[in-house]
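S.K.: Residue-level listing of the chains:
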Amino acid sequence: MKNFELVEPATIDEAVALLDPDDAGVRAIAGGTALMLMMKARLFEPVRLVSLRRVNGALRGVRENAGGGLTVGAMTTLTELERSPKIAAALPVMSRALHTLSNVRIRNVATLGGHLAHGDPHMDLPPILLTLGARVRAVSRRGERWIDIADLFVGYYQVAVARDELITEIDVPAQPAGVHTWYAKFAALSADDWPSVGVAVWYRTDGERIAEARVAVSAATEMPLRLAGAERALVGNAPTPQTFAAAADVAAEAIEPVADIRGTAAYKREMVRVHTRRALAQALHTGRAAR
Amino acid sequence: MTDATRTIRFTLNGRAVTARIAVYETLVEVLQREFALLGARESCAQGLCGCCTVLVDGTAVSGCLYLAAFADGAELVTVEGLPKDGVLHPVQQAFVDKGAFQCGFCTPGMVLMTKELLEQHPHPTEDQIRHYLSGNLCRCASYPEIVQAVKLAADKVHI
Ligand SMILES: Cc1cc2nc3c(=O)[nH]c(=O)nc-3n(C[C@H](O)[C@H](O)[C@H](O)COP(=O)(O)OP(=O)(O)OC[C@H]3O[C@@H](n4cnc5c(N)ncnc54)[C@H](O)[C@@H]3O)c2cc1C
Ligand code: FES
Ligand code: FES
Chain A
1 MKNFELVEPA TIDEAVALLD PDDAGVRAIA GGTALMLMMK ARLFEPVRLV SLRRVNGALR
61 GVRENAGGGL TVGAMTTLTE LERSPKIAAA LPVMSRALHT LSNVRIRNVA TLGGHLAHGD
121 PHMDLPPILL TLGARVRAVS RRGERWIDIA DLFVGYYQVA VARDELITEI DVPAQPAGVH
181 TWYAKFAALS ADDWPSVGVA VWYRTDGERI AEARVAVSAA TEMPLRLAGA ERALVGNAPT
241 PQTFAAAADV AAEAIEPVAD IRGTAAYKRE MVRVHTRRAL AQALHTGRAA R
Chain B
1 MTDATRTIRF TLNGRAVTAR IAVYETLVEV LQREFALLGA RESCAQGLCG CCTVLVDGTA
61 VSGCLYLAAF ADGAELVTVE GLPKDGVLHP VQQAFVDKGA FQCGFCTPGM VLMTKELLEQ
121 HPHPTEDQIR HYLSGNLCRC ASYPEIVQAV KLAADKVHI
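Quick mapping for you: the protein sequence lines, in order, are chains A and B.
The numbers in our numbering rise by one with no breaks, and the one at position 73 of the first sequence is 73.
The numbers in our numbering rise by one with no breaks, and the one at position 61 of the second sequence is 61.
Treat the hints with caution; some may be incorrect.
Restricting the straight-line Cα-Cα distance to at most 16 angstroms, the calculated cross-link-like pairs of lysine to aspartate or glutamate (EDC-like) are [unchecked claim]:
#	chain 1	residue 1	chain 2	residue 2
1	B	Lys98	B	Asp155
2	A	Lys40	B	Asp155
3	B	Lys151	B	Asp127
4	A	Lys40	B	Asp127
5	A	Lys2	B	Asp127
Don't read these hints as lab results, they were simulated from the structure.
A quick note: this is a predicted structure, and the numbers were derived from the prediction, not measured.
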């Protein structure tokens with residue numbers, strides 16, 4: 001690797017002052033698991049890295065927010081999330097997914113902020129957070145703003161966070177009672193591999209019918225995204241195997257799959273079909289996130 | 001450019017040390033060059049295999065993806081730091097007793113991950129063992145013996 005400047009500011013203000021809207025070689029570094037891979041492969045040659053590890057205190061931890069949901073500091077590690085009793089109680093779908101996200105050593109170091117800012121389409125938490133309706137707080141010298149997670153992913157390795165912005169926290173709203181959630185991770189190589197296909201589902205039943213539904217896919221597509229057609233195929237119908245199969249067909253046909261070493265486009269389309277159906281069925285039995 | 005090299009201070013296997021490093025160096029590189037510690041070694045170089053495992057402030061990290069600069073102020077333990085007064089750590093002894101290696105290249109990482117596993121789950125099920133160690137690869141495929149060794153270690157170690 002080439003030389004670069006490594007700075008370790010102590011506050012968020014100092015950190016954003018060290019970012020540079022005009023220089024793609026200046027970036028934040030959190031756990032560094034994604035950046036180090038890119039740097040070793042010379043896909044990224046930094047001019048300056050702004051480490052957030054000494055700002056840890058202000059950016060770390062899981063707390064309940066005013067709306068009854070949870071707020072997670074951007075520097076919270078994936079292991080901390082995996083072991084958080086608050087996450088397990090309110091968002092079991094996330095705890096489960098964290099358990100098979102990469103391996104222990106990566107989870108010990110990788111952070112939620114880095115996970116989201118990286119914009120890699122092959123990740124496990126983005127589709128889940130899309131269905132949970134999360135939002136992300138971004139801070140810069142220009143001020144702060146909340147980015148709806150639905151607006152965060154804008155393309156292949158592209159996110160709506162500007163070069164001079166930092167993600168400081170992630171808000172997940174309180175989930176309505178009676179919500180069913182599930183994340184189906186299909187790994188084509190080993191159990192804890194990156195997903196070949198990831199499907200997150202979320203739906204609320206009212207009496208016999210599905211009243212509201214969210215379906216999001218990742219790893220098979222250019223970026224993690226919600227599938228409005230599949231969601232419409234669910235709403236108003238009873239949560240039966242027939243409904244689930246019909247919605248899964250819509251999901252599979254709606255996507256433009258991107259081939260990679262974990263599957264051809266045609267294979268990924270079929271895996272989206274299978275895992276959307278399975279996720280919807282699993283959610284009905286076990287995926288309660290009622291609070 | 002500013003900041004080409006810097007001096008970091010940390011505790012290494014119980015000893016306070018300093019090292020002169022370049023900011024782009026990884027933890028494995030510095031442990032090998034500055035301290036001649038070869039237990040953490042790079043194999044896959046991308047976080048997948050666990051051969052480069054180092055405990056930083058008590059948690060296992062992949063030394064191949066960890067900037068050495070981030071070790072400043074931390075407490076590091078490598079496999080070389082496990083024996084006490086010439087006596088192997090119980091996890092190490094369990095690996096010997098069960099013959100849980102062939103070439104031994106993966107063993108330091110396996111041993112350190114097992115140490116962390118037993119701190120998290122003192123009486124792990126076979127499932128927990130396999131899951132926890134799923135990010136540690138053994139090219140010689142000594143997996144059955146490794147699982148046996150972890151079970152033996154769990155019976156002996158009380159952390
Ligand atoms: C071996 C391996 C296996 C993996 N397997 C999986 C898997 O199965 N599933 C999965 O989902 N993921 C997987 N990953 C990816 C992993 O989840 C990411 O590498 C990790 O979450 C990135 O977090 P980080 O803190 O290390 O980010 P960093 O590497 O520090 O940063 C990543 C990017 O985010 C930016 N950034 C970081 N923090 C902020 C912030 N607060 N504000 C603004 N920008 C920021 C950086 O500038 C950089 O561009 C794997 C990674 C490895 C190395
Ligand atoms: S060499 Fe670091 S995990 Fe394989
Ligand atoms: S003993 Fe040879 S790699 Fe594990």
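S.K.: Below or equal to 16 angstroms on CA atoms is what counts here, so check Lys40/A against Asp155/B.
M.R.: violated, 41 angstroms
S.K.: Are the Cα atoms of Lys2/A and Asp127/B separated by 16 angstroms or less?
M.R.: violated, 42 angstroms
S.K.: CA of Lys98/B to CA of Asp155/B, is that 16 angstroms or under?
M.R.: Holds, at about 13 angstroms.
S.K.: Between Lys151/B and Asp127/B, is the straight-line Cα distance small enough, at 16 angstroms or below?
M.R.: holds, 11 angstroms
S.K.: Would you mind confirming whether the straight-line C-alpha gap from Lys40/A to Asp127/B stays at or under 16 angstroms?
M.R.: violated, 34 angstroms
Hint compliance for this structure: hints 2, 4 and 5 are not met, and every other hint is.
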